[in-house]
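Sequences listed follow chains E and X, in order.
Its first residue numbered 0, the first sequence is counted upward by one per residue in numbering that gives the first Met the number 0.
Its first residue numbered 0, the second sequence is counted upward by one per residue in numbering that gives the first Met the number 0.
Fair warning: there could be bad hints in the mix.
Said to hold, decoys possible - Okay, derived cross-link-like pairs now, DSS-like style, lysine-lysine, Cα gap no bigger than 27 Å in a straight line:
{"no.": "1", "chain 1": "X", "residue 1": "207", "chain 2": "X", "residue 2": "171"}
{"no.": "2", "chain 1": "X", "residue 1": "40", "chain 2": "X", "residue 2": "51"}
{"no.": "3", "chain 1": "E", "residue 1": "97", "chain 2": "X", "residue 2": "92"}
{"no.": "4", "chain 1": "E", "residue 1": "57", "chain 2": "X", "residue 2": "51"}
{"no.": "5", "chain 1": "E", "residue 1": "1", "chain 2": "X", "residue 2": "207"}
{"no.": "6", "chain 1": "X", "residue 1": "227", "chain 2": "E", "residue 2": "57"}
{"no.": "7", "chain 1": "X", "residue 1": "171", "chain 2": "E", "residue 2": "97"}
{"no.": "8", "chain 1": "X", "residue 1": "113", "chain 2": "E", "residue 2": "57"}
{"no.": "9", "chain 1": "E", "residue 1": "12", "chain 2": "E", "residue 2": "237"}
{"no.": "10", "chain 1": "X", "residue 1": "51", "chain 2": "E", "residue 2": "1"}
{"no.": "11", "chain 1": "X", "residue 1": "207", "chain 2": "X", "residue 2": "258"}
{"no.": "12", "chain 1": "X", "residue 1": "92", "chain 2": "E", "residue 2": "55"}
{"no.": "13", "chain 1": "X", "residue 1": "51", "chain 2": "E", "residue 2": "97"}
{"no.": "14", "chain 1": "X", "residue 1": "40", "chain 2": "E", "residue 2": "57"}
Claimed, not checked - Footprint (simulated), chain E over chain X, 3 or more residues, beta carbon under 8 Å:
{"no.": "15", "region": "13-25"}
{"no.": "16", "region": "131-145"}
{"no.": "17", "region": "152-159"}
Derived by calculation from the structure, the hints in this document are not laboratory data.
Glycine included, C-beta positions come from ideal geometry on N, C-alpha and C.
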Amino acid sequence: MKVRLFKEPELEKPVLICGWPGIGNIGLITVDTLRIRVSAEEFGEIESWDFFYPRKIKIEEGLLVDLEFPSNKFYFKNLLENDLIFFIGEEQPRGDQKAYRISESVLDVAINFGCQRIFTSGAAVAPIHHQMKPRVWAVPNKGYLIDEVRRYENTVLMSDIEGRGDQGYITGLNGLLIGMAKERGLEAICLMGEIPLYIPHSLPYPKASKSVLEVLTKILGIKIDLSRLEKWAQETEKRIEEFYQQIPTEMKERIERLIKTEEKPFTEEDRKRFVKEVEEFLKRSKEDGEVPL
Amino acid sequence: MERSPYEIYQIPNLQNPSLIVGWQTQDVGRLGSGVINFLNKKFGGEEVGRIKPVDFFSLGGVRIENDVARVPESKFFACKKNNLLLFKSDEPKDEWYRFLDSVLDVAQYSCKMKDLYTVNGNPSLIPHTWPRRILTVFNHPEFGRDVEKYGLLGMYYEGPPAMSSFLLWVAKRRNIPGASIWVDIPFYLAPLKDPLAQKKVLEFFNQKFNLKIDLRELDLEIRDQNEKIARLREKDSEINRYFNLLESGIGLDGEEQLKLAKQIYELLEKRG
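Chain X extracted, bound-state conformation (with noise of 0.2 Å):
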């Protein structure tokens, strides 16, 4: 007998909800498990279910992350006051496809999704202190239109998709409309949380839903950040110089680059 390859612990109580899916593997900026995240926070998400590892991972053993042992997961929450469902997951290594099916069975015929919403981070050579742009795909042209309204700006790609991309291809099999939400991240960010990426994310999500989040705390670590990076510039020239270029749109080489990342991920992740 095939077993099912996921576990649902509840069928929660919405009433067509939007899915939002956030990534926690190559997590750029930590926006897609952080905005997941927050939303959990703010909204009390209930976990309601989730896919199974085995198939999907490789479990010949276990990750060590931050000295903790870590194992793969792929969690649903349910966000009733909201009527959001909330999917958490590390990206499968095997049998993708399968895995982007369960998920849209669980979504689809166990909380009658109507649409889908996939956050990431998109590295980019900009400085943090430029406007960000948030790009979408999207797998329906009305649904696209809808989303464009709030400011999102198409995106043109050819080349390897990513997993979001994947899962909306697989939802339009289904003909569930859906869109990724792409927030342009500083290349030095990428592997630290950027707040204002999940802020330009959790205002879009605010207008979509009127959700009425409120956003101030992210403010806080936007300004703590920007002060911390402010007073890194004025210490060292030669970051203040990289910044520079930045800010006028000039790019960095390969070796400025890992050195400017090398010191923002010393001084916000090591030195908190």
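Here chain E stands alone, though its shape is the one from the complex (with noise of 0.2 Å):
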């Protein structure tokens, strides 16, 4: 495995914003559209064949052209408050170890152009409705950081949440990213959109990513133009429309009443028990030849 770096761009303490693909892609949508925003350049890759499996060959006359993997690039941009470094993953890997090893990599470029912050971004399953304004849940790596995260905008801290306590999991690398930061030293935290339990895992949301997005461009004091998010947001909350329409009237009004706070606390249990009700519906509205989304 080998991280290429095609440039040594000069970076100021940059902070790194790391992005991979998961629930309603929240974290990906998030990542990549700052990036996108600020005009970030690409200056390097982890190779990836060590890591994911080949998704595509192309033959040309007997000749075997190209073979392509899932990316995992870096790109960089310097700005005046904070110059930024991301990296972004296609797939996440499948695996403890590849996991490791793959953050191991992500954070030796991090230290190796002195970054000291790290942000990830991904998202929380909540007993929210569709159009509502989804918040963001933090999870700091250190103590102290609490604090300032206390002073963000539209964000809640585990405790905050009913019925979690102080506790929770972070799966994939958003969660694994941050813990190995620590290990090494580095500030870092998670920041996951609030995405309804009933929408399905697979359609992107990027309503929430907005909501990611309005706090971290705050934290990292830049003003980008979010229109075409919010544009696709409510493109995407039309057809969450739709489909909520086609949710049986039982189950409709128990997802108000858990809106509304009247069945609380509204435990881990709970959400998954919910969530299989609505996946189940999801199956047998397909089996019945209906795709709602």
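Please assemble the complex out of the two chains, which come individually in their own frames, going by the hints.
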């Protein structure tokens, strides 16, 4: 496994921002939108073949022209307030060891460029309605960052969330990276946008990415145009609304009650049970020939 | 300490051999394993090493095949007289790159291989009475030109890669030239042995390496298989109609394909 840097950009105490695919692709949309909006430049990659299976081959007149793997790329941008490094992976690696090794490589690059702060982004499946503005759940990797997080707008800590105490679990690289960053002395915060628990996980949910970006850009002290993301979020919401109207009344009433927090506390077990019910509903709809989304 | 993914029992006395690879997972027409078994039998191939299954295969239990428990195998054989290194293996489930890299580590560093061939069947909507095309994929243009001299046709393809193509790609990174050989196999022979396809590949190797292999036993198998199918055609008018359609270049629908495949399987595998 190798990290290949095509360039050695001059960066001053850069902030590293990482995104991977996941539930609602919230993290990936967040980080990729920011990367595009600030016009960050590609400067390196982690060779993928050790971590991922090839997904496409191109053969022309017998000659093996190309074998395509999911990409894992680094980008940079010099800004007035903060220099930025982005790491964007097209897939999360399968298996703990691979996840550990890829996180290690990302942190090597971060440390090599003098990075002191890392942000990862993902999804928080929550009992919210799709018409509500998603909040951002923030998990820092050091206790002293809690006070800073409390000052972020529209952001909650684990202890602020009903029924969770101050406990939780972040799956995948978003969690692992901030944990490993702690071991190596780097500050890191995972920002997770809320996604309604009845929305299929494969559906992109840009509305949550927008919430995360509003928080993240404020922390970074930069302004970006979010109108395209807003438009996408509105289009998605229309489709979700159509789907929502197809949900059986009884289930809808339960959702409404949950949102109005009449059924409290909403524990992890409740969430899993409810998600299962919604999944079964979606499966039945599919079998009946209706594919709502 | 990281353990080695392979074991070498003896360093074979080969002079820059060619490596021939046959996969026995999803082995269309049993071609990959069939060709390796044939060469091993003819040339007295000696087992010289293996890739260890741990890390690459699911080892939570064993698979039972033809009433016998079976663990995944990945074995190297040396045919000293003919200067060939053979590798017969199940396709790895995990860590493909590391597995393929290990195959080439053994072949390159311990056996000094010069080039690579993989043998594969390509399920096709053709009848067994038609001539078989041999298609090829290669990783160096010059090597491809050399292989094409033997009548192999360069393939066009874009989509998910096969293990053989991934191996060619890994070999290319090491500057090892290689080619995958893909022989058309009638779809109804895909789960069975296709002796004609095997003969075509062995004819190619005969020419390429001047092996002088006697292929008469395969001729007998081809004749026997053709006669059995011909008798079925005589007996069963519907099956005969399917073959007539295929021989006229007209495809069969899904249900017809399934029915034909089932009948041929019954005929050749169950009734022998």
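Taking the hints in turn, this is what the structure says about them:
1. Proposed proximity of residue 207(X) and residue 171(X) is supported: the alpha carbons are some 21 Å apart, at most 27 Å.
2. Of the pairs offered as hints, the one joining residue 40(X) and residue 51(X) holds, with about 24 Å between alpha carbons and a cut-off of 27 Å not exceeded.
3. Straight-line distance between C-alpha atoms of residue 97(E) and residue 92(X) comes to about 15 Å, which keeps the hinted pair within the 27 Å bound.
4. Proposed proximity of residue 57(E) and residue 51(X) is contradicted: the alpha carbons are some 31 Å apart, above 27 Å.
5. Between the alpha carbons of residue 1(E) and residue 207(X) the distance comes to roughly 38 Å, so the proposed pair goes past 27 Å and is violated.
6. Simply put, residue 227(X) and residue 57(E) have alpha-carbon atoms about 40 Å apart, too far for the 27 Å limit, and the pair is violated.
7. With a C-alpha separation of about 24 Å, the suggested pairing of residue 171(X) with residue 97(E) holds against the 27 Å cut-off.
8. Distance hint between residue 113(X) and residue 57(E) is fulfilled; the C-alpha atoms sit about 25 Å from each other, no more than 27 Å.
9. Between residue 12(E) and residue 237(E), the direct Cα distance comes to roughly 42 Å. Violation of the 27 Å bound is thereby established for this hinted pair.
10. Note on residue 51(X) and residue 1(E): the hinted pairing holds, with a Cα-Cα distance of about 25 Å set against a maximum of 27 Å.
11. Between residue 207(X) and residue 258(X) the CA atoms are separated by roughly 39 Å; this puts the pair beyond 27 Å, and the hint is violated.
12. At most 27 Å may separate the alpha-carbon atoms for a hinted pair to count; residue 92(X) and residue 55(E) meet this at roughly 18 Å.
13. For the proposed pair residue 51(X) and residue 97(E), the alpha carbon gap of about 20 Å is at most 27 Å, so the pair holds.
14. Annotation: proposed proximity of residue 40(X) to residue 57(E) is violated, straight-line Cα distance about 36 Å (limit 27 Å).
15. Coverage of the region 13-25 of chain X by chain E is violated in this model, with 0 residues showing a Cβ closer than 8 Å to a Cβ of that chain against a need of three.
16. Here's how the region 131-145 of chain X fares: 7 of its residues keep a CB closer than 8 Å to some CB of chain E, so the rule of at least three is met and the hint holds.
17. Counting residues of the region 152-159 of chain X whose C-beta sits closer than 8 Å to any C-beta of chain E gives 8, which meets the bar of three, so the coverage hint holds.
When each numbered hint is compared with the structure, violations occur for hints 4, 5, 6, 9, 11, 14, 15.
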